[in-house]
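With the hints as constraints, model all of the structure from the sequences given.
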Amino acid sequence: RDPARVAAKASGAGTSNAPNSDGGDGDGSGDADEGDGIGGLRRSAEAPGATSGSDRDDAPGQSNGGRSSGRRGGASSGEQDDEDGSDGGGGSDGEEEGGCGSGDALGSGGAERSDSEMGWEMLEVARAMFLQDGADKHLLQLCDLHDALSEVLSESGDFKAAADELRRGLAYAAALSPRNARCEANLHFKLSCALHFDADLPNALAHSCAAVDKLKAAKRELEEKLEPLDARVQAGDADAEAELARGEDELEGLSECLAAVLEKREDLELSAREAEQIKATISDMFG
Numbered sequence: 001r002d003p004a005r006v007a008a009k010a011s012g013a014g015t016s017n018a019p020n021s022d023g024g025d026g027d028g029s030g031d032a033d034e035g036d037g038i039g040g041l042r043r044s045a046e047a048p049g050a051t052s053g054s055d056r057d058d059a060p061g062q063s064n065g066g067r068s069s070g071r072r073g074g075a076s077s078g079e080q081d082d083e084d085g086s087d088g089g090g091g092s093d094g095e096e097e098g099g100c101g102s103g104d105a106l107g108s109g110g111a112e113r114s115d116s117e118m119g120w121e122m123l124e125v126a127r128a129m130f131l132q133d134g135a136d137k138h139l140l141q142l143c144d145l146h147d148a149l150s151e152v153l154s155e156s157g158d159f160k161a162a163a164d165e166l167r168r169g170l171a172y173a174a175a176l177s178p179r180n181a182r183c184e185a186n187l188h189f190k191l192s193c194a195l196h197f198d199a200d201l202p203n204a205l206a207h208s209c210a211a212v213d214k215l216k217a218a219k220r221e222l223e224e225k226l227e228p229l230d231a232r233v234q235a236g237d238a239d240a241e242a243e244l245a246r247g248e249d250e251l252e253g254l255s256e257c258l259a260a261v262l263e264k265r266e267d268l269e270l271s272a273r274e275a276e277q278i279k280a281t282i283s284d285m286f287g
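The sequence shown begins at 1 in full-length UniProt numbering and counts up one residue at a time.
Because the hints were derived from the structure by calculation, they are not lab data. Just so it is clear, the structure is predicted and the values come from calculations on it, not from any experiment. In this text, a Cβ means the ideal position worked out from N, Cα and C, and glycines have one as well. Take these hints with a grain of salt, some might be off.
Stated by the list, open to error - Straight line, CA to CA, 30 Å or less: simulated DSSO-like cross-link-like pairs of lysine-lysine:
no., residue 1, residue 2
1, LYS160, LYS216
2, LYS279, LYS160
3, LYS137, LYS225
4, LYS216, LYS137
To be verified - Label-pair restraints from in silico Cβ distances:
no., residue 1, residue 2, range
5, GLU241, PRO178, 41 to 51 Å
6, PRO178, MET122, 27 to 37 Å
7, ASP230, PRO178, 20 to 30 Å
8, GLU252, GLN132, 39 to 49 Å
9, PHE286, ASP115, 48 to 58 Å
10, GLU256, SER177, 27 to 37 Å
11, ALA275, GLN234, 46 to 56 Å
12, ARG246, ARG273, 40 to 50 Å
13, LEU262, GLY157, 25 to 35 Å
14, GLY157, GLY134, 26 to 36 Å
15, GLU248, GLU155, 46 to 56 Å
16, MET285, GLY247, 52 to 62 Å
In structure tokens:
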């Protein structure tokens, strides 16, 4: 089971005060090749603990400059080829196809950037609405929203800004009551990945360890919830039997997710040891 699907099963948020810190646990963990994690307009009001900066002001992929002219160039080339086609067909047909193909490729790239900008703006509008209505009413939604913003930034290669968004999400997650271990595990894991890509291996490893701890806590909570159902099932309670079956499936998913995160943590630990060995070797050589 994909860890991302497991994280998406996080239960609804409780009500609490919005967080005042900038990022939850402060250090980081994760794996560079697991960017998907385990397991969603400009601010009108600053989120608690959020840092202001130009990285929040603009959506990634700002300009479509030059693309319309590229398409016009392709079209005009095709028209010219049509005029010349009466004198010689084969060569002009090839040129026409080349011109149109170039214009289509440029237009496709522009559409992708436009989608990215639109997605960014929609997320910012949603964030502004949640904050205006009261952050304490939408803590879990704000966690998911900053998670989604981090994915947009990661796709554009801005892993430092992506890490900042995940820290904001962790700040909201810390204010949930009761705490949502699976939500926190997802954010810690994705933060570890962003930090790994940003070459911050020590913090990446720390957040990877935090993700493991949160998943273990989520697994214990679910096991405790399922334990009383056994007696009801033996008494012939059909509802309890169905609930137990669902819980066991969820528990299996958490176990698979935990195994994957543990494996990634081991990879990070190995990378950290190798980095220390390289530093020691360089120090001995140039000591």
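Each hint, compared with the structure:
1. With a C-alpha separation of about 28 Å, the suggested pair LYS160 and LYS216 falls inside the 30 Å cut-off, and the hint holds.
2. Proposed proximity of LYS279 and LYS160 is supported: the alpha carbons are some 24 Å apart, at most 30 Å.
3. Proposed proximity of LYS137 and LYS225 is supported: the alpha carbons are some 26 Å apart, at most 30 Å.
4. For the suggested pair LYS216 and LYS137, the alpha carbons sit about 27 Å apart, so the restraint of at most 30 Å is met.
5. Distance hint check: the CB atoms of GLU241 and PRO178 are about 26 Å apart, inconsistent with the given range 41 to 51 Å.
6. Taken as a hint, the range 27 to 37 Å holds for the pair PRO178 and MET122, whose Cβ atoms sit roughly 30 Å apart.
7. The hinted range of 20 to 30 Å is satisfied by ASP230 and PRO178, whose Cβ atoms lie roughly 24 Å apart.
8. Taken as a hint, the range 39 to 49 Å holds for the pair GLU252 and GLN132, whose Cβ atoms sit roughly 41 Å apart.
9. For the pair PHE286 and ASP115, the beta carbons lie near 49 Å from each other, so the given range of 48 to 58 Å is met.
10. The given range of 27 to 37 Å is respected by GLU256 and SER177, whose C-beta atoms sit roughly 28 Å from each other.
11. Take ALA275 and GLN234: their Cβ atoms lie about 54 Å apart, and the range 46 to 56 Å holds.
12. For ARG246 paired with ARG273, a C-beta distance near 41 Å keeps the hint of 40 to 50 Å intact.
13. In this structure the supplied range 25 to 35 Å holds for LEU262 paired with GLY157, their Cβ-Cβ distance being about 28 Å.
14. Checked against the hint of 26 to 36 Å, the C-beta distance between GLY157 and GLY134 comes to roughly 34 Å, which is consistent with it.
15. Remark: the range hint 46 to 56 Å for GLU248 to GLU155 is contradicted by a beta-carbon distance near 36 Å.
16. Taking 52 to 62 Å as the suggested C-beta distance range, the pair MET285 and GLY247 conforms, at roughly 57 Å.
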